[in-house]
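S.K.: Sequence lines, in order, name chains A and B. So the first sequence is numbered by our numbering: it starts at 10 and just counts up by one. So the second sequence is numbered by our numbering: it starts at -14 and just counts up by one.
It is worth saying that the hints were derived from the structure and are not from the lab. Beta carbons are placed, not taken as given, at the ideal position from N, Cα and C, and that holds for glycine. Hints should not be assumed to be uniformly reliable.
[What the hints assert, rightly or not] Straight-line C-alpha distance at most 27 Å; calculated DSS-like pairs for lysine-lysine:
hint : chain 1 : residue 1 : chain 2 : residue 2
1    : A       : K139      : B       : K213
2    : B       : K229      : A       : K217
3    : B       : K93       : A       : K147
4    : B       : K229      : A       : K279
5    : A       : K174      : A       : K147
6    : B       : K44       : A       : K139
7    : A       : K90       : A       : K139
8    : A       : K217      : B       : K93
[As the list claims (entries may be wrong)] So these bits of chain B aren't anywhere near chain A, every CB distance computed over 10 Å:
hint : residue
9    : G3
10   : G30
11   : Q31
12   : A45
13   : D184
14   : P215
15   : K229
Residue-level listing of the chains:
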Amino acid sequence: MNIHEYQAKEIFISHGLPVPGGKVATTVDQAVTLAEEFGLPVMVKSQVLTGGRGKAGGVKFCESLDDVRQNAEKIIGLDIKGHIVQKVLITPAVDIESEYYLGMLIDRNTKRILVMASAEGGVEIEQVAKDTPELIFKETVDPRYGLLDHEAMDLGMRLCPTDIKKARQLGAALQKLYKAFVAADASLAEINPFIFTPEGKGLAIDAKVNLDDNALFRHPDYEALRDLDEEDPSERAAREADLSFVKLEGNVGCLVNGAGLAMATMDLVKYYGGQPANFLDIGGSSNPEKVVNALTIILSDSEVKAILFNIFGGITRCDDVANGIIQATQQMDIKVPIVVRLTGTNEEEARKLLAKTDLVPAETMDEAVQKANELAGA
Amino acid sequence: MAIFVDESTKVVVQGITGRDGGFHSSQMLAYGTKIVAGVTPGRGGQTFEDKVPVYDTVKAAVEEQGANTSVIFVPPFGAAGAIYEAADAGCKLIVCITEGVPTVDMVKVMPYLEERGVRLIGPNCPGLLAPGIAKLGILPTSIVKEGPVGLVSRSGTLTYEVVYQLTAAGLGQTTCLGIGGDPVIGTNFLDAIKAFNEDDKTEAFVMIGEIGGDAEEQAADYIKAHVKKPVVSFIAGQTAPPGKRMGHAGAIVSGGSGTAAEKIKALEAAGVPVAERPMDIVPRLQEIWKP
Chain A
10 MNIHEYQAKE IFISHGLPVP GGKVATTVDQ AVTLAEEFGL PVMVKSQVLT
60 GGRGKAGGVK FCESLDDVRQ NAEKIIGLDI KGHIVQKVLI TPAVDIESEY
110 YLGMLIDRNT KRILVMASAE GGVEIEQVAK DTPELIFKET VDPRYGLLDH
160 EAMDLGMRLC PTDIKKARQL GAALQKLYKA FVAADASLAE INPFIFTPEG
210 KGLAIDAKVN LDDNALFRHP DYEALRDLDE EDPSERAARE ADLSFVKLEG
260 NVGCLVNGAG LAMATMDLVK YYGGQPANFL DIGGSSNPEK VVNALTIILS
310 DSEVKAILFN IFGGITRCDD VANGIIQATQ QMDIKVPIVV RLTGTNEEEA
360 RKLLAKTDLV PAETMDEAVQ KANELAGA
Chain B
-14 MAIFVDESTK VVVQGITGRD GGFHSSQMLA YGTKIVAGVT PGRGGQTFED
36 KVPVYDTVKA AVEEQGANTS VIFVPPFGAA GAIYEAADAG CKLIVCITEG
86 VPTVDMVKVM PYLEERGVRL IGPNCPGLLA PGIAKLGILP TSIVKEGPVG
136 LVSRSGTLTY EVVYQLTAAG LGQTTCLGIG GDPVIGTNFL DAIKAFNEDD
186 KTEAFVMIGE IGGDAEEQAA DYIKAHVKKP VVSFIAGQTA PPGKRMGHAG
236 AIVSGGSGTA AEKIKALEAA GVPVAERPMD IVPRLQEIWK P
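So here's chain A without its partners, still in its complex pose (with noise of 0.2 Å):
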């Protein structure tokens, strides 16, 4: 689950990190109301969940009330790459004297958590690490003892060589960081950028944090900053229903148990000049509850011309999948073809049951992806 600049922050203070204050306004008048609370000059920031935000007009510096109200007009219900601002942070705007990036992240390949630390903040770190990855220090921490003082000291002397003062801030803001990204059960975060006043006080002016969904039974208060504002209906509906779905622009609906099945299915639409309409896996059940949500939040989309099932019965026998396919679609008016595919355990037997309904059959997955797509009009 991503979760907004002003959420990270709230999780951010919580471990003692220096955040500058700053609260949430939905209209513009209440930014302008908070501007006023914090003082001026102010940053008025969308909230939204894409990166991007500046170069796309969403992040401003205004120095004045009028300013403020210009541009939390022009930002509150801007499209930033397809998201509608409906968020915009105000947090008092500091002098930078120097800007740092702070980043941490799950390391598949060491199987460890990867700390990131580099002087060239407030740039788009990818680009730093394609084009100078020599400016990336990176420290991969032992989860037993966490991230070391004199690994923290190590890092914060590299970033900033020369004043003993601001490496000693950058170190403990990474172990803070390392203890906030640990405890919150995270996937990513970031502060881009960390940065030092001319006084030379440190800040996380920018807070980027990934939740771990596997996680999120053991923090039933995140629950509370999931923004399904953000969220398509359909991947709400489909989360309510405990089903993996993401939603694609296309028009064969498809309906596949298990991930990599269901990816190369979407693949092999493609390949055959169709378009998928959704990635779906549907899980190892043949429960006609789980089929009937599954279709509902499918045919919600009006795009899709037709539906496919892709189903690979191994410990579930085709035949109970059948039974369950067959029940779930005489519960529902569908108005779209469906063609199914079942291969595996009892397979003879579902194509029987199949035989006596309307639904199409296919043997292959070859053969039901050109016949979905041929019904769908690709």
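Dock chain B against the given chain A, drawing on the hints supplied.
M.R.: Using the frame of chain A, we list chain B on its own:
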């Protein structure tokens, strides 16, 4: 022979009295897997299917029945705890089927396993099936056949699809291994490929990857440098949009890396044919290898 298992594999199933654990334990037993014990705290003293003794702890299962391998079917909140317990009790191979284990838990588990020389497969995986020897996990036995092909995959049902096609083409398998789709897993592609490369019975193998991370690229480098056996690959997720988690927690294209295109390029540069469609995997293998 097979990789990671042999006739001496004696299994304890953690979570044997649960719905999934019980169902799959029956299936494993029916295939002839030596399940010597089950573990469910509070159920010690019971028996599973009138033949497998159930213990409260893995330690008791190891001490009294000589278990050396654990298969874990416990819910996500207890999965990491179950892995620590199995490793501490002396199991040298642990297969964790559980889906949805927090990644930070897995990061913490790893040094504990590394110190003890324990191999972990998973989590969030179908486990492995060595035809004629043992099944540790949930792969369907009806689709496998003994033979010379190894198969390693990050996925479940896509693996079954390919195994099914191999078997239909008369190509049996030494071991079918699903390593799981999470970001932090025990055994990775590289480990599996090294094992297949060293296994006498494995003559050729298939590697089924997907988007996310760079495990396929690393495997490609290793294959180029060290593997003489024929290898064929397939990568799922060529049309996946960036930034979206495609079911598996690890299947996400982020910051422009982890794409299918990069993986395919790396594999082809290493001389590994990459099938365009799942149905092309077997023909591509037959082009470069005859059993």
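S.K.: Take the hints in turn and mark each one as holding or not.
M.R.: These are the hints, each one checked on the structure:
1. For the suggested pair A/K139 and B/K213, the alpha carbons sit about 33 Å apart, so the restraint of at most 27 Å is broken.
2. About 17 Å separates the Cα atoms of B/K229 and A/K217, which keeps this hinted pair within 27 Å; it holds.
3. Taking the CA atoms of B/K93 and A/K147, the gap is near 19 Å; set against the 27 Å cutoff, the hint holds.
4. For the given pair, B/K229 sits about 18 Å from A/K279 by alpha-carbon distance, which is consistent with the 27 Å threshold.
5. Between the alpha carbons of A/K174 and A/K147 the distance comes to roughly 21 Å, so the proposed pair stays at or under 27 Å and holds.
6. Between B/K44 and A/K139 the alpha-carbon distance is near 49 Å, which puts this suggested pair outside the 27 Å criterion.
7. At roughly 23 Å between alpha-carbon atoms, A/K90 and A/K139 fall within 27 Å of each other, so this suggested pair holds.
8. In summary, the hint linking A/K217 to B/K93 is supported, as the alpha carbons are separated by about 23 Å, within the 27 Å threshold.
9. Every C-beta of chain A lies more than 10 Å from that of B/G3, the closest at about 15 Å, which supports listing it as non-interface.
10. At the 10 Å boundary, the C-beta of B/G30 stays outside the reach of chain A, the nearest C-beta of that chain being 29 Å off.
11. The Cβ of B/Q31 sits about 24 Å from the closest Cβ of chain A, beyond the 10 Å cut-off, so the non-interface label holds.
12. At the 10 Å boundary, the C-beta of B/A45 stays outside the reach of chain A, the nearest C-beta of that chain being 27 Å off.
13. Listed as outside the interface, B/D184 is consistent with that label: its C-beta sits roughly 24 Å from the nearest C-beta of chain A, beyond the 10 Å cut-off.
14. With a closest Cβ-Cβ approach of about 22 Å to chain A, B/P215 is found to remain outside the 10 Å limit, as its non-interface label requires.
15. A Cβ of chain A approaches the Cβ of B/K229 within 10 Å, the least distance being about 5 Å, so the stated non-interface status is violated.
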